[in-house]
Structures are given as C-alpha cells and as structure tokens.
Amino acid sequence: MTERKPQDFWPPLAAGVGLGLALMGMFLFTGHGLGASGFFSRLLAWLSASVAPDWTQMNSDLGNYLGASHPMNSWISWEIAGVAIGALLGSLIARRFLFKIERGPRTGVGSRIGFAVAGGTLSGFGASLAGGCTSGLGLSGGAVLAVAAFVFLMAFFAAGLLVATLTRRIW
Amino acid sequence: MNFPLENSGNLIVLAAGILFGFFIESAGLNSPRKLTAQFALRDWTVFRVMFVAIVVAAIGLWLFDVAGWLRFDALKIPTMFFWAMALGGAMLGAGMAIGGYCPGTSVVGLFSGRFDALFFMLGMVIGMTVFAMTYDSLQPLYLTKGPESQTLAGLTGWPSWLFLLILAGLAGGGFRLGAWFESRRGGTISAKELAGSGK
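Protein chains in written order, with this note's numbering: chain A, 1 to 171; chain B, 1 to 199.
Some hints could be false.
[As the list claims (entries may be wrong)] Once the Cα atoms are required to be at most 30 angstroms apart in a straight line, the calculated DSSO-like pairs of lysine-lysine come out as:
| no. | chain 1 | residue 1 | chain 2 | residue 2 |
| --- | --- | --- | --- | --- |
| 1 | B | K145 | A | K5 |
| 2 | B | K76 | B | K145 |
| 3 | A | K100 | A | K5 |
| 4 | A | K100 | B | K192 |
Hints in this document: simulated from the structure, not taken from any laboratory.
Looking at chain B on its own, in the form it has when it is part of the complex (with noise of 0.2 angstroms):
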C-alpha cells in the first residue's frame, strides 16, 4: 500500500464526516454551555477530545510513515502566517467565547436541534463578507509567512516520535489539571443538564 489514496471518491469523504458529525455529538461539542465551559476553566471536554484526537491521528500517521506506507510529502501540511494565524485564531476563540460555537461545531449544534447555531452561522457569513472586502487591505498580515508546510520536526530538527511523546506528555498532564479544575469549578455539565436548559 501507499497511502494517500487521493482519489477516492465522495462517499469516502461523507462518510468521515459523518464519524467527525457523530464523535462531537457523542462527546457534547454541539453545545455552546459546554464548548464555552472549557474557557471557563469548568469542564475540559474540549482540551481532552481535541488533545487525544490530534495526538491518536499524528501517532497513526507516523507509524504509516515509519512502515513505508505513507507518502508523508504527499500530505496537506499548512504553511504558517504568523500574524494571519495568531490574529484568526485569537477570533476564533473570542467567537466561540462569545457565541457558543467555532464553524464545525456550528453545523454539529444545527443537527441536533439547536437553532442558535443558525445565527452563529449568519454570523460567519457577514463576517467573511467583510473580510473578503477588507481582503487587499490585510495583505500585510500574511508577510510573517514560514516555510512551506513546516513540521515541529523541521523547525527544530528534532525527531517526530519526540514531539509525540511530548503531545501524550501534555495530554496526560492536561487530564489531571482538567481534573483538578473540574472538582472546584462545579464539574463536567452532563446531558441531562443540558435538557433542561434553554428551551
């Protein structure tokens, strides 16, 4: 085998997103009170399921790559932009902190029942709106441009396994802190809580 595959097929990608649509549902990411409970330092849902997705995905992919079975080259790396990324991402977390949601999540949210993700999605539009007509006017954002698709690995010249022995690190320590949060701030809001609030 030599993964990627590339041309796969539509039914493949659909039926990723229906697991990516599932797994958020499954966890409780489709609710705002609890997305934003994350920033709040009471339930740690988010950091737990991102963390262990991001480190289960990257350990998966190296072991494809160190078997010979991965073209790793082949794979979608992005490139950073320094400025552009941090300024993004920095909204992306006010958004979230302020409407609930982040564009995925949104989507998880509409298709279990909640209408405000239809607002956050409103929202999104307006806000791509004004981007794509400011769009000429924040090109100086994207000056602080790394190399193209940079790794941890390339940028430090340390191995791979390192950085995830390091991403597991991390996320074994951010379990226990999370834990220690969750038992002074009131714990992880349940399914249960959520049904009878906000109807």
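In isolation and in its complexed conformation, chain A is listed as follows (with noise of 0.2 angstroms):
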C-alpha cells in the first residue's frame, strides 16, 4: 500500500467563515471572544506559584491571576483544551498529522529551537505587554470593532514585515 497522501487545506474563505461564525457563537454565549496567551499568563502564575508561592502572591503582574480559585480554573483553559482536541482531530482526519520539527530547507534542526525559543519569549513578553494576542485582542477586538484591536493589528502585521525581511531565508 502507498502512503496517503494529506488532504489539501480548505480554501481560507471557508475556513475564515467558519472561524468567523465560532468567535461570533463566543461571544453570543459568553460576551467574550476567544483568546489563546491569557492561558499561557494562568500556565505561569500557576507553576511560579508552586515553585514561590510568597515571591507570586506579591508579584504585581501574577499575582492577579491568583484569586479565590485556581489559576488554571478558568474558561479560557476549558477553550484551549478544545483548541488542542480539534486541532488533533482535524489533523487526524486530513491525514495532515505528521510528527515533525518544522523548519525551512536551508535551517538545523539546531536552529529552528533556538529561533522558536526567541520568537516564543518575544511573542510571550508582547502578549503580555498589550494584555492578549493575535486570537485575544486582534480576532476578538476586530470582531466588536474596538480601536485597541486595529492599532495592535497594524502594529502586528508591520513588525512581521519588517522582522521577516532579515528571517525569511530560516524558512
């Protein structure tokens, strides 16, 4: 038997359609959008409150997530625990899963860590920084039309073509 080859993806109107109805049933349902760092922020005032709970509860930044109940007890780790689960399924079913370090043809294995590890600690820092992300405050901001969601936007997009002038030979 040959391998099965993936299923190509969907064509980015129907997928956008389908993003666009999801955030919007959010929104109906909660009266919020969905979001993705803000996990992140609960995933790390857990762990530091566990590794320095006096250190964490005095911090002025984590220290807010630590309330009556747990720090990780909050919808948006419901949110992306489903994120997760639909992206294995999707994955699974378009025969798209495949275990991989991706990275560009010209770029180490090596490399690729060290840029993701960089990215991820500027990306973590600026999320925090704007209090969301891409999923948070552009997707959901733009969906109710908020000024705060169009300057984060424009100011995503500019960076990212500014930045990939000098990165886009790693991929």
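Two chains, each in its own frame: build the complex with the hints.
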C-alpha cells in the first residue's frame, strides 16, 4: 500500500467563515471572544505559585491571576483544551498529522529550536504587555470593532513584515 | 432572546475551542512555514482567514444588535493602551517572523505533531516571566489610555455599518492584492509541500 497523501487545506474563505461563526457564537454565549495567551499567563502563575508562592503573591502582574480559585480553573483553560482536541481531530482526519520539527530547507534542527525559543520569548513578553494576543485582541477585539484591536493588528503586521526581511531565509 | 447568555458552562467554551482549533488547522495556519510566508508576501492565508473571520463575526454581532437580541455593551470590548498595545503587537509580529507562531497557533501546531511549537511555548513562558519581573517599571507604557471600551464608531461618530462596509471592502481588496503577490512569489504553500519538509 502506498503512503496516503495529506488532504489539501480548506480554501481560506471557507475556514475564515467557519472561524468567524465560532467567534460570533463565543461572544453570544459568553460575552467575550476567543483567546490564547491568557492560558499561558495562568499556566505561568500556577507554575510560579508552586515554586515561589510568596514572590508570586507579591508580584503585581502574576498576583492578579491568584484569586479564590485555582489559576488554571478559568474558561480559557477549557477553550485551549478544545483547541488541542480540534487540532488533533482535524489533522488526523485530513491525514495531515505528522511528527516533525518544522523548519525551512536551509535551517538545521538546532537553529530552529533556538529561533522558536527566541520568537516565543518575544511573543510571551509582547502578549503580556499588550494584554492579549492575535486571537484575544486582534480577532476578538476586531469582531466588536474595538479601536485597540486595529492598533494592535497594524503593529503586528508592520513589525512582521519588517522583521521578515531579515528572517525569511530561515523559512 | 437576549444575548450574551454569559453563564453557559464550560462545555460551550470547550466546543468553541474545538471549532477554533479545527478551522485554524484546516486552513494550514498551524504551520510556521505557512504563517511566516504571509510576511514574505508569498502566501496570504493569514490575512484572508483573519480578515474574513473578523468581518463575518462583526457583521453577525451587528445583525444581532440591530435585531435587538444583543446587549452590545455587555460584550468585552478591550480598552486601548496605545504604547502597550502597539509595542506588544509589534513584538508578537516579530516573534512570529522569528519563531513561526503566535500563542494560539502554537497550540494547534503542537497538537498536529509539531515539536518546535513546544519550544515556542517554552519561550512564551520565559517572556512572560521577564514581563512579570519588570512589570512595575513598564507602567509608563500604560499611561496612554484611550476611552473605556472604545469602538471605531465611538471614536469617529460614524455608524458601525459603515465600518463593516469598509472592512469588507478592505478584505476584498486584500484578496486581490494577495492573489497578485502570490502569482509572482511562488504561490501558497500546500499540505503536500509541507508533508515533504522538515521531518
């Protein structure tokens, strides 16, 4: 039997309509949109509280996530669990699931990992600073036509285009 | 009906998350090569999917509002902190150009088999730790605060439907501009092309 080929991606229009309807549904049921970076903030608060409880409690950023309930006991943890399930189901059904370290043809595994950590560090700091990420501020704020979302999105695309003139060769 | 219902339980949120992950994966936005090809202007899938999703959700919410089924002021509308959001947005854009993901797409990437996403997540936790340690000295960036929960209509006094028309027009223009660039820069990255790269 020959290797089964992956199905091609959905047309962006179809995926965008589906994502938009899911986003609208989230607003109708919960009053807020979709998010992602908030999960990692809570994950960090939880990790930090287990390692250094006093420091975490005193910290003016992380302390905000330590309320009456467990920091991971938040709607966004349920949403991220859903995202993981949806990604797994979608990629398995379409035969696109593949264990790999995705990188450009001229980039080695070691440098790819280094770039992933470096880019992730910038993203984590940036998402905390902005108070949200591409999903929470860009998509969800955009859906309610918030001024903040468009400031965020313009900065996101402008910086991406600019930095990519240096980094496009690694992809 | 009078949306939002607000107290809908975790299963609704889980279901919305499943759809979120599924549609991101189905568009290929779990692939760092495809995501960064947007910034090289070779593959406009990021722009297309994001813009269509925003326009569809915004028009849908507006229709619910016009029909009187929605308490629009009960929705979460972020307040603008100009420098914090402009700098933070720029760092997320740079982070994607370097690391290949944003926070949400890294989760979808990991759960479709990409181990590089795990290292991106490790980086995020490091970046958020640095932020938490420097939070007090970053406070000046939060002084440029806009009015509470301001929308484009609130900023300009123009009606919301006008912005929906402008956004739909920008999306349409972006689709055509994207097709023009894609035909000159190698075209969109297919699932088959990705299956053969970086095992």
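To see whether the hints hold, each was checked on the structure:
1. B:K145 - A:K5: Roughly 51 angstroms separates the two Cα atoms, so the pair is violated.
2. B:K76 - B:K145: Distance ~17 angstroms between K76 (chain B) and K145 (chain B) Cα, so the pair holds.
3. A:K100 - A:K5: Since the Cα atoms of K100 (chain A) and K5 (chain A) sit roughly 16 angstroms apart, the hinted pair holds (cutoff 30 angstroms).
4. A:K100 - B:K192: holds (14 angstroms)
Against the hints set out earlier in the document, a violation occurs for number 1 only.
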